[in-house]
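Engineer: Residue numbers (this note's numbering), protein chains in the order written: chain H, 25 to 781; chain L, 1147 to 1307.
Some clues are possibly wrong.
[Stated by the list, open to error] A few chain H residues that don't get close to chain L, going by computed Cβ distances all over 10 angstroms:
1. K157
2. L459
3. D460
[What the hints assert, rightly or not] Stretch-level coverage of chain H by chain L, calculated; a stretch enters the list once three of its residues show a Cβ under 8 angstroms from a Cβ in chain L:
4. 99-111
5. 233-239
6. 500-512
7. 695-709
Hints were generated in silico from the structure; no laboratory data involved. The beta carbon of each residue, even a glycine, is placed where N, CA and C say it ideally should be.
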Amino acid sequence: MTTSERSTNYRVIGTRPVRPDGVEKVTGKAQYGADVRLPGLLHGRILRSPHAHARIVAIDTSEAEKVPGVFAVVTHRDFPAARDVVQELGESSVNAMELSDNILASKKALYRGHAVAAVAATSPHIAEEALSKIRVEYQVLPTVLDVRDAMREDAPLLNETRFTKELGGARSEKPSNIASHIRFQGGNADDAIAGADVVIEREYRTKMVHQGYIEPHNATASWNADGTVTIWTSTQGAFSVRGQVAEILRHPISSIRVIPMEIGGGFGGKLPIYLDPVAALLSKKSGRPVKVLMSRTDVFEGSGPTSGTWIKIKLGVKDGKIAGVKAELAYEAGAYPGSPVGAGSMTMLAPYAIDNFQVDGYDVCLNKPKVAAYRAPGSPAAAFALEQALDEAARAIGADPLQFRLDNSAREGVRMVTGAPLAKVGHEECVQAILDSPHYKSPIEGPYRGRGVASGYWFNGGMQSSVTAAVNPDGTVNLIEGSTDIGGSRASLSMQLAETLGIRYEDVHATVVDTDSVGHNDVTGGSRTTFASGLAVYEAGMDIRRQMRERAAREWNVPADQVEYEDGRITWSDGAGNSRETSFAEQARTAPQKGGPIVGKASLSARGVGGAYGTHLVDVEVDPDTGKVTILRYTAAQDVGTAIHPSYVEGQIQGAVAQGVGWALNEEYYFDDNGRMLNASFLDYRMPTTLDLPMIDTILVEVPNPGHPYGVRGVGEVPIVPPLAAVANAIADATGKRFTELPISPRRLVEELHGLA
Amino acid sequence: MARRTYVATTINGMPTEFLCEPRQSVLEVLRDELGLTGAKEGCNNGNCGACAVLLNGQVVNSCCVLGVELEGADVTTIEGIADGENLHPLQQAFLEEAALQCGICTPGFIVSAKALLDSNPHPDEHTVRFWLAGNLCRCTGYDKIVRAVLKAADASGAPVP
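So here's chain H without its partners, still in its complex pose:
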């Protein structure tokens, strides 16, 4: 692993301390959602539709209610009527009526695995037994499972009252599965492509894939007689859960307390809720706390994967420059609208300066699970298409693929397809870092070996954060925050507070608290936490510094604006030989006698988000007999702004690369014609193991984000954008065949290489 030389004088930022929650996690003491144990706890289980598209004619729960040990049964009838309002989830949004209908189906089951009823019983086994006694009468309907098929006028309709939201707010004449059509346009793409030296025109497809977090969804709820509700759950955003539950149950927000447990991975998949309102209603009906867990099959069939896609690109190159691009993107939304096609359309061209473009996006409903966010949602599939087209174009003009990208790179001031100009960004630096890397300078030789590169972009997010930092008399600080810690943010936030205050990392104790105990925090999503909650931590630290300077100024009888705070030292000097000095530790120790507790606070809606770029390089070897692809070497360069804790920044990149490699080579939802997922287990849904990957080298390029005091950019999402295309480009280099459909599985490779397709 390579880490760039650091040019700053930070004391804490850039070091690699042990994370605050580490010991609990290596000793098995950390409490995740499924670990909740309460007196009188009941166990809930969910009944799911065996059909991908069916009208629910009747549900009879009477036999289930008679099973000894069963305390409550709920169906959609137990939900209040939902409002037609949109809830923001961070990287996605959801209509409350559709969310309610997705949590427990009302009139129709829209995908196999759609929840229709739930039972609470004294043991999970009894709950499962009772589920088998619920009789649901279905009227099975024709299914539509392919995004292109779903767009046809004669396709089975999931919702007969849905019309396409067309450009300019118009509405389609007939009902359609296409929920919306968007377009981004600039210059004249048709003319530019017509005048190009080289034109590449291709169609690409990717399959529905799952985030693959190891911890299944869970929710435990306790409903009190006074209407107060407590929910323990593993989520990317406790406040978001609270808001969604309040909306679905039409319950006052302040009566709901969400206690975030440790979370076993999310990647966007734990932004929406599935179980929480069900657990709450089961608790209300039974009068006991209820824990509902998903099985792994439930997770695959009943949570939110990301879209399968169809993308068409026509790209023209003239004089070594990208002259124009036309693209159409159709993304599967699943059962309800809300695919990430907007983000895919906006990010696709973002690494490059392209004047002439037309990008059309379609959000398409079909009989598959409602998609959720998955790490840079929408962007990986878009990059899979564009970065392969660029690879072909570079080959056609005899250009080095990296130099071609450098020659066409976006930079500060270049407008994105939305018209917004880029701030200071580091794409060129990433490409250059790969060009200069030992990996790129090494030869790649041998039959069926190849090398591929690709770039990618992600916006990153800002949104709302609140923190409290309470100074203790012994000079330590309790940092109270509300951002789910998925990958080390307690460490990265503690480090920023220690840096701001000039104290030791070990003297900051960070805790993620429940929704009653801190101001609002948006989700841990959009790669926002280290940036936006980091900004709040910085502001809270500055608040402490201000209070300490003011106390010192009062004591010394000097103007506060003449008192300096640096590295934990508080000083005053009049420039004529008179000076005074105290310290953070001294102020902390004497606070009880000198004005009382010192507490820093900050609540903000973060501005100054820095978008991020990455460029990846991969060498592969293809076995032409078995179709197995071996990743020989992988190097990922990324503009990380400033790496607060470099190990966890590297970890984000390495983990995203692994997910991207799995997406490229093996992972897919494999459906039969009736919409039944045939590989809904970790045996058959083939995620990368230790044996499938080499060490993953990272190059942390640091182009500080001018919108953050320490230059932080989000780092977690952009590294999943390039791998799909980088691997495909490497396989094309190794085999001479262009694979435009994912996954490039052993079967697909063997069929293609031996002409069996």
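Fit chain L to the known structure of chain H by using the hints.
Structural biologist: The following block gives chain L in isolation, referenced to the frame of chain H:
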């Protein structure tokens, strides 16, 4: 409800007795009956390794062994890996190498890796990867996990063959 069976076993060095239904797995017994929630359920069918424990020194997925099979057995769970306040070298190496992000797979990895180092104190990278291929991690890409196991092996002080 099925009749419950009395089982006498040893868990983390402590003689332990419990009653369990014939259908309950070791994972269920550990988590629901004995309050040992360090072993995690990721799949409940032996594919993810998050529930790994040592059964008579061998790594098993505790979701795939029945509770009644623990009669007379010796079980080590993640809660029994550290020696009191002294972390096992694997635990220390996982912390220092940042070998965990969400941490849900970590107990399984540490238990599996312990079994490896107990039988092979100085494995090479490929051996580590081969041994740990039954444990899924979705956060780290495995890079830092493999490095941590190799580091723990170096730190163990076991003689190099």
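Engineer: State for each hint whether it applies.
Structural biologist: Results of checking the hints against the structure:
The claim that H:K157 lies off the interface holds: its Cβ sits roughly 16 angstroms from the closest Cβ of chain L, which is beyond the 10 angstroms cut-off. Residue-level check passed: H:L459 sits 23 angstroms from the nearest beta carbon of chain L, beyond 10 angstroms. For H:D460, the non-interface assignment is confirmed: its Cβ lies about 22 angstroms from the closest Cβ of chain L, beyond the 10 angstroms cut-off. Closer than 8 angstroms: that is the beta-carbon criterion, and the segment 99-111 of chain H has 0 residues meeting it against chain L, so the requirement of 3 is violated.
Here the segment 233-239 of chain H counts 5 residues with a CB under 8 angstroms from a CB of chain L, which clears the bar of 3, and the coverage holds. Counting residues of the segment 500-512 of chain H whose beta carbon lies closer than 8 angstroms to any beta carbon of chain L gives 3, which meets the minimum of three for the stated coverage. Residues of the segment 695-709 of chain H lying with their CB closer than 8 angstroms to a CB of chain L number 3, which satisfies the three-residue condition for coverage.
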